[in-house]
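There are 2 protein chains.
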Amino acid sequence: MKSKILNLLQMNSNGYLSGEQISGVLGISRTAVWKHINSLKNEGYIIDSVNNKGYKLLSDTSEVNNSSLKSLCNGYEFIQFAKFLDTVDSTNSEAKRIAMDELHLEGIVVADEQTNGKGRLGRQWTSDKNSGLWMSLLIRPKLKPDAASAITLVAAAGMTKALEDCTKLKIGIKWPNDLIINGKKVCGILTEMSAEINQLHYIILGIGVNLNQVNFTESLSDKATSLKKEGAEVSSKQLLGAFLASFSEFYKQFLKGDMSQVIAFHQAHSVTIGKHVQIISPIETREAYVLDINADGSLLVKNDLGENEIVFSGEVSVRGINGYI
Amino acid sequence: MKSKILNLLQMNSNGYLSGEQISGVLGISRTAVWKHINSLKNEGYIIDSVNNKGYKLLSDTSEVNNSSLKSLCNGYEFIQFAKFLDTVDSTNSEAKRIAMDELHLEGIVVADEQTNGKGRLGRQWTSDKNSGLWMSLLIRPKLKPDAASAITLVAAAGMTKALEDCTKLKIGIKWPNDLIINGKKVCGILTEMSAEINQLHYIILGIGVNLNQVNFTESLSDKATSLKKEGAEVSSKQLLGAFLASFSEFYKQFLKGDMSQVIAFHQAHSVTIGKHVQIISPIETREAYVLDINADGSLLVKNDLGENEIVFSGEVSVRGINGYI
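Chains as they are written, first to last, in numbering that gives the first Met the number 0: chain S, 0 to 324; chain C, 0 to 324.
By construction, these hints were calculated from the structure, which means they are not laboratory data.
No copy labels: a pair is met if it fits in one copy or bridges any two.
Derived DSSO-like pairs (lysine-lysine); straight-line CA-CA distance at most 27 Å:
#: 1; residue 1: K184; residue 2: K143
#: 2; residue 1: K184; residue 2: K128
#: 3; residue 1: K183; residue 2: K128
Just need the whole structure built from these sequences, with the hints factored in.
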């Protein structure tokens, strides 16, 4: 109910809405309206209350919270639940728990803080309170397990576009799923799936974006950055809103089998094409020169024997050898 | 502790073990030994107790239970926990819950009854109390997600060999993972996985074998059978013991990258090779004639255009059109 009131106030941010109007539209008592308004104020929304006129939203809180998350997610088909948490072990773990209990739901988990945030291959991902956007999308496209790599590309394109919409920074994509500013990582994506041999049960897209950190540990300071450190002030709410809009478009195309815009986006933003990289598989590490990103999302490289070779994201990691991660 | 006492009794089934000997070996009091012996008797083990001689196991219970499961699993590297349940929603679901809580454990779940047993693609799997072997193995090979299909073949070969070791019935394999007696299904395998793009987190091999059902519902009676219906009396304990032994051998080879024996076993037992089948994908259904199973486990067919074509288990289901399922 609180998020519905917030919605009404946001839609009417040019004028005042009386308690009577709100209670009429939502079918609740004026006392209930008053209580919800106070609760919104406690969450950081600045709401002006004037006798005989009513309420007006002067300023949204800048961070995602329970009410604003529900407002932001309104209208997206692939979001049937939106869960906000002050703190969580990791948003991917929470999304997995929901996925196991609710076999058909799709939705989103956002947290202010992760106490055990995870990067790829079990690595730690620092995610302190209010310092970034820590989120996981739980989606259930009816596809084969090998579609998971392509969805990672969709998410990377969506977040890159969102960061460009919210800042003036130049965002690079280190194929397939790290976003880079000035050679340092600002966003990582951890895609996990649960599947049978020939059908996905669900995919969880875990996305972490560093927003407000200024100090990084010594081991991270060469490799990681935040929007603030790069001179951009973006709220988690603003970024999440922009991401949902851009992801939604790319994801719709993907579900129709059309990856052309996503791939073009990757090609245009790649910091990998035209670089010497290391192709790292569980078995060996080899050097290669990256020629292009193919229409199916795989990487076209010239290997150390001088032959053209195709690299699938399901098979290897790529490590740059020119400064970036 | 109870399962350790059972182990001692099984190893000494030719003579009597005194309470003093048992208490000495296990470092527990003679009263504790006596209590555990009584508890084993309550579970159905027939144990002779003679004054001044001690205890002798006259007869094992025929069904898997908590103590016997632990004894059976003793010594297998890929089993670090063994959980027996009288009843469970599904052993795969229980194994998933354990997999999420214990990030490194491998092990096994066996239940007397599944209230919500599952076949592939969410289909129901009837699994009444004491009527079959309902089990799930949780394993964590450090491999890429596409290895899951091959592990299904390993499990199918292991269970086929176990059924041959325990009965004189001719067992057929409907590629990749259904076991057939006289044209009817006696065992199904549901392989589920959790993974990142390029690394498996875990695989759950759910295996259901019909042992004692005599009456099947009308819709199932043409398609399903049980060992008992085919004239063989095999206990769940006997079958599980045989399966763990044969699976363990095939799985060791698989982990070394050697699928040759598993594939040869599939070729020798295939009810699919030399048959006209339907190749069913999410997009279309086509007829084909099966020529062979390839060295990598894929199916070589002649398609309806007369061309040779390779079919991967990750891509299609195969439905026979000559009577079997």
